[in-house]
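Residues 3 to 207 in my numbering are what the sequence shown spells out, letter by letter.
Bear in mind the hints are in silico, worked out from the structure with no lab data behind them.
Derived DEER-like restraints, expressed as beta-carbon distance ranges:
hint, residue 1, residue 2, range
1, L49, R27, 39 to 45 Å
2, T56, G26, 30 to 36 Å
3, R24, T110, 20 to 26 Å
4, V19, E53, 19 to 25 Å
5, R23, E116, 25 to 31 Å
6, E116, C160, 51 to 57 Å
7, G161, V19, 46 to 52 Å
8, S150, R24, 40 to 46 Å
9, G26, E53, 35 to 41 Å
10, S68, G118, 19 to 25 Å
11, A54, G30, 37 to 43 Å
12, D17, R97, 15 to 21 Å
13, L89, D126, 46 to 52 Å
14, L49, I166, 18 to 24 Å
Cβ coordinates follow ideal geometry from the N, Cα and C atoms, glycine included.
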Amino acid sequence: MSASSTHRHRLTDSDFVVDTRRVGRRPGTMRSLSRTVAAPARIGLDLIAIEAGTPIELDLTLQAVSEGVLVTGSVAAQTRGECARCLEDFDDRVRLELTELFAYPDSTTEATTEEGEVYHVSNDEHIDLEPLIIDAVGLALPLSPLCSSDCPGLCAECGVRLAIAGSEHRHEILDPRWAGLADKFGHPGGELSQEKTRSVEAEET
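Using the sequences provided together with the hints, build the complete structure.
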């Protein structure tokens, strides 16, 4: 977890930053948050990510608890990826559920947890959701994304996309022991092979 260190900086309520003073500190008090923000940079993995500038939909609930502010809800956005099988670009969507505590500066959780292991409420009672979302998206996205679950990938012989080539796409596989003869006389049924056959037949007659 790359927890936020925003408790050291003054924040304002906008985009990923939320003013928790509207929630208060009485345990059980809640506030709903529905907001669409733009991804500040590419968020995700090498083969699939939310591209910079993509709208990210936040549908969250902030609840005051004794140790901080509990954030629950969903995050959704369009992703852009490269299929691990056929190497084609494709678009998809990621939707993930969040449940995370942002600890108060004076809480036991804050005092007893190592830096980087917990997210924080800033001294002026704001939370920054960006690090949480970056971490959560990285964990939610697949390491080997697919354009479709049944993508057949690429032909191991010629590299053509099998989805385009069709199920009839085949390559003749010769026994390596006959490879030299195939190079000399041509593949069975080929033009060169037929010429050799005719030549042999002529010699025999």
